[in-house]
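Q: The residues making up each chain are set out below.
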Amino acid sequence: MTLRNVLETKKINKYFFDPVKFQVLSDITFSVKQGEFVSVVGKSGCGKSTLLYILSTMDTDFEGELFINGEPLTNNSDKDLARIRNEYIGFVFQFHYLLNEYNVLKNVMIPGIKLAKYSYEEIEHRAMEHLRTLDMHSQALKSPNQLSGGQKQRVAIARALINDPLIVMGDEPTGNLDKKNSDMVFDIFNAIVQEKKQTMLIVTHDADFAQRTHRIIEMADGKIISETNTLHRRSAPTDITT
Amino acid sequence: MNISLILNIALNLIRARMKQSAIAAIGVTFGIAMFIALVSFMNGLNNLLDGLMLNRTPHVRMYNEIKPSAQQPITLSDNYTKSNNFISSIKPKDRGKEIYNSKSIIAVLKKDPRIVDVAPKVTAPVFFNSGTIEITGVVNGIDVPAEEHLFSVSSYIIDGNVFDLASVPNTIIIGKGLSEKMLVKIGDVIQITTLRGGLVSLKIVGISQIGIAEVDNTMSYTSLETAQMILGESAGYITDIQVKLTNVALAPAAAKEYRSRFSIDAIDAQTANSQFETGSKVRSIISYAVGITLLIVAGFGIYNILNMMIYEKMDSIAILKATGFSGSDVKWIFISLSLIIGITGGLFGLLVGFILTKIIGVIPFETASLPTIKTYPVDYKLAYYLIGISFAVFTTTIAGLLPARKASRIDPVEIIRGK
Chain A
1020 MTLRNVLETK KINKYFFDPV KFQVLSDITF SVKQGEFVSV VGKSGCGKST LLYILSTMDT
1080 DFEGELFING EPLTNNSDKD LARIRNEYIG FVFQFHYLLN EYNVLKNVMI PGIKLAKYSY
1140 EEIEHRAMEH LRTLDMHSQA LKSPNQLSGG QKQRVAIARA LINDPLIVMG DEPTGNLDKK
1200 NSDMVFDIFN AIVQEKKQTM LIVTHDADFA QRTHRIIEMA DGKIISETNT LHRRSAPTDI
1260 TT
Chain B
3 MNISLILNIA LNLIRARMKQ SAIAAIGVTF GIAMFIALVS FMNGLNNLLD GLMLNRTPHV
63 RMYNEIKPSA QQPITLSDNY TKSNNFISSI KPKDRGKEIY NSKSIIAVLK KDPRIVDVAP
123 KVTAPVFFNS GTIEITGVVN GIDVPAEEHL FSVSSYIIDG NVFDLASVPN TIIIGKGLSE
183 KMLVKIGDVI QITTLRGGLV SLKIVGISQI GIAEVDNTMS YTSLETAQMI LGESAGYITD
243 IQVKLTNVAL APAAAKEYRS RFSIDAIDAQ TANSQFETGS KVRSIISYAV GITLLIVAGF
303 GIYNILNMMI YEKMDSIAIL KATGFSGSDV KWIFISLSLI IGITGGLFGL LVGFILTKII
363 GVIPFETASL PTIKTYPVDY KLAYYLIGIS FAVFTTTIAG LLPARKASRI DPVEIIRGK
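Same order as they appear, the protein sequences are chains A and B. Here the numbering used here runs 1019 ahead of the position in the first sequence, where the first position is 1. Here the numbering used here runs 2 ahead of the position in the second sequence, where the first position is 1.
No wet-lab data here; the hints were simulated from the structure. Possibly wrong hints are sitting among the right ones.
[Said to hold, decoys possible] Quick list of the computed label-pair ranges, beta carbon to beta carbon:
#1 B:LYS283 x A:ASP1080: 44 to 50 Å
#2 A:SER1245 x B:GLU314: 40 to 46 Å
#3 B:LEU384 x A:ALA1135: 36 to 42 Å
For every residue, glycine included, the Cβ atom is placed at its ideal position computed from N, Cα and C.
Given only the sequences and the hints, what does the whole structure look like? Please build it.
A: Right under this line is the structure:
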């Protein structure tokens, strides 16, 4: 079975100009296939987050080519990019970014209402299902600030999944969580990849977390220095250090 | 664009900051209420003062002015056609103040479609005899039904009935000032001396008060026939023809036309009352200026609260953008937020303004000079309310626009990476 590329980059370069011109990313070329669970690791300052935000379409100030779902994303309007993010990309950040004005259920629903692919009732039902799989359905009508950190992150994951995105991007999604909650988040991601064939691209510096993903992309000084496919030796003991 | 979602988010943002939003809305309410109250009151006052003068003056008045002959003998001489002639020896001819051919002029005027009605009038200076003293005054001989139709004289009659003038011969209505000076009341008989020396006795059937002391001290009304009798003139004697037009704006043109058509002097209301127009205009400008100032202040209030909200809600804006809201969606969230505050505040403002004008409208306002006015005048007009709410919408949109643009330009990457 040949899986299509959901994400592809060609020679992405990015510069920071403040205070002096400085190249953050140089010639980043890689692709991610549907159903892959990819982690991006590297020391802080290596450009991994910068890369993620370029891939997320939120940062448009770069050179090179970016394809999402085969569509080239260059010179798209702000509106188009917003629609692409809405439909194809789910985000999980280190911080949960839940809106305190709304309850948990409504927080999960908002991107769905924005996309307006389903009726309100249908979106509500789907949001409830996502919360159920994350074991958060009993908290659905609570306000986000009544939840613990791990619970908030699970709600944020449900929000990322509401529109069945092609790819879920995470920026240190476990950065604020303890070991137990990190494991739980990993298990959720893994289940999504296994069951729904959705794609994960997670930037992390949590070595444990990265070890358990299918593919590790290691970056240093704005370049990809190594790619390791961990899928083949999942059962074998590993000695990779990151 | 998903309007209901955007409105929903705006409403929830307001709910989260209820107190500040309410204060911003109260600012608008106050501005609009003051604007409505001010404009309604000022215009009520304007209408009252205009009515005092304009309703009593005809739109066009035709009369005979005493003036020197335009053709002086020297201008008739061929020898001096190129010279500057300043010798004028022919004095004004004594044609009297009678309008010649008044009957046919009135008949022509009555057929003019622009004209509401025509009222002929005889004015004559007289002396009122009170004991040994003679008080100078004016007798206005009026065609009572026509005069009532055009100028509603009955509203200035504080005692008696104006129609008695027409039904009872040799009767007079005198100004309040005159009656007080002469110590007379309804039913008394007064004596009048004309300029030519004739002496006439008239019975008082009413007292009038216009509210201008100078007028009330000299003015009196009789029927046309009585006035002609006092002056010893025939039944066709008329000194003024007063015309009311369907639209007062037509008056200057009409006056010009009648002047050449009937070779008579004609003056329009605008020329006769130019100073009143200026006063009304200035008062209107002042009330609008104050209203707009109040609204601009309210606008700054909204601007402030929106700016504060945007700083507070940076995270929310960032995540909305990350999950698929475009810059213009975010802009509309904040514009609709501002509009919700503005429209809610504005509608309450209209209500409060209406209540305020109602209160002003029942405050007693009694002054000797304005006998028909019992409370402060208020002009209730839908237009003021429409202008008020449009102002509210306009200023709040402008006040919301700048912060909304700022919110739309927030870079989510900067916010999210900064955490």
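Q: Flag every earlier hint the structure violates by its number, smallest first.
A: 1
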